[in-house]
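*Asks:* Those sequence lines, one after another, are chains A and H.
Using the working numbering, the letters of the first sequence map in sequence onto residues 1 to 150.
Using the working numbering, the letters of the second sequence map in sequence onto residues 1001 to 1142.
Everything labelled a hint here was simulated from the structure, so no lab data went into it.
For each residue, glycine too, the CB sits at the ideal point set by N, CA and C.
Take the hints with a grain of salt, since some may be wrong.
Just so you have them, the derived chain A footprint on chain H, three or more residues with Cβ under 8 Å [to be verified]: (1) 1063 to 1075; (2) 1098 to 1109; (3) 1113 to 1124.
Residue strings, one per chain:
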Amino acid sequence: MSREVEESNRHLLRARDAMDRAYAEPLDVRAVAAVAHVSEAHFSRSFRAAFGETPHRYLQRRRVERAMFLLRETERSVTDVCFDVGFTSLGTFSRTFREIVGETPSGYRAAPPPIEAPNCFQMAAMRPRVAAGVARRSSSFGEAAATAAP
Amino acid sequence: MITSLNVASIYVLDKDEALDFYVNKLGLEKGNDVKQGDYRWLTVRVPGEGGTEISLEEPGAPLHDDTTAAQIRELITKGAMSGLVFLADDIRGLYETLKERGVTDFTQEPTDHFYGTDMGIRDPFGNAIRILEQGKVEAVTA
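Let the sequences and hints guide you as you build the complete structure.
*Replies:* What follows is the structure in structure tokens.
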């Protein structure tokens, strides 16, 4: 039993890594599930059991974290940043950003910058937290609307 | 006064598989490989450095009961344990070399930052490894 869990975890982690690496690409849940060698339905359920959130939400937080970086460190417009990090609609980007970060992309850009640290530590430290109890919506990632966290 | 870091340890699921990855894929060299009873003291290290030994440890007896060992193994495979950060020269050359040796689990392709260029991979079990080539990079992309 334990070995099965380990193998499943390792496949799920590989899929999660794929989202971290290819967040800017038009990922859908089917493609990411294929990395984990599981069916679409099983993937979302087992990913959530392993990592505590749906793959859709994980990808959103990854994209928002990268958007936060670009807003802080570059002069690119909010619209450019939206497409740079893999969102396909400015409305979805702005709403998701606000839902996760608590302020608008332009509001975030105007705030004082964080400390400088090597990128891997900054990416980990700056990744927005899972917002408990926030309603989850369906999106272009192609996942059905999930219910709120138990 | 403490003068250096002698041994750091990471958990792996299988010592032989770990040795193959860290030596034959990543390019480290074997350090100690000593058996005492059932226990195998196995380390790898950066070649020629004379520095820190990295001990490859399997969760299990006599340090862990079966339940604890299973929990640690699950955490390793979720990528929830701590990892290693190495320095390298010619990181893009190393990236190509790793691909030629069959490494596929890249978590990040070589990427430029203000402090240098780094990349990320996972070992076969889920441990995170980052490799950095230090130095100023002119055009920062991410």
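*Asks:* Each of the hints needs a verdict: does it hold here or not?
*Replies:* Against the structure, the hints:
1. 1063 to 1075: holds (count 3)
2. 1098 to 1109: holds (count 5)
3. 1113 to 1124: Coverage by chain A holds for the segment 1113 to 1124 of chain H (6 residues, Cβ < 8 Å).
Every hint, counting from the list given before, is met by this structure.
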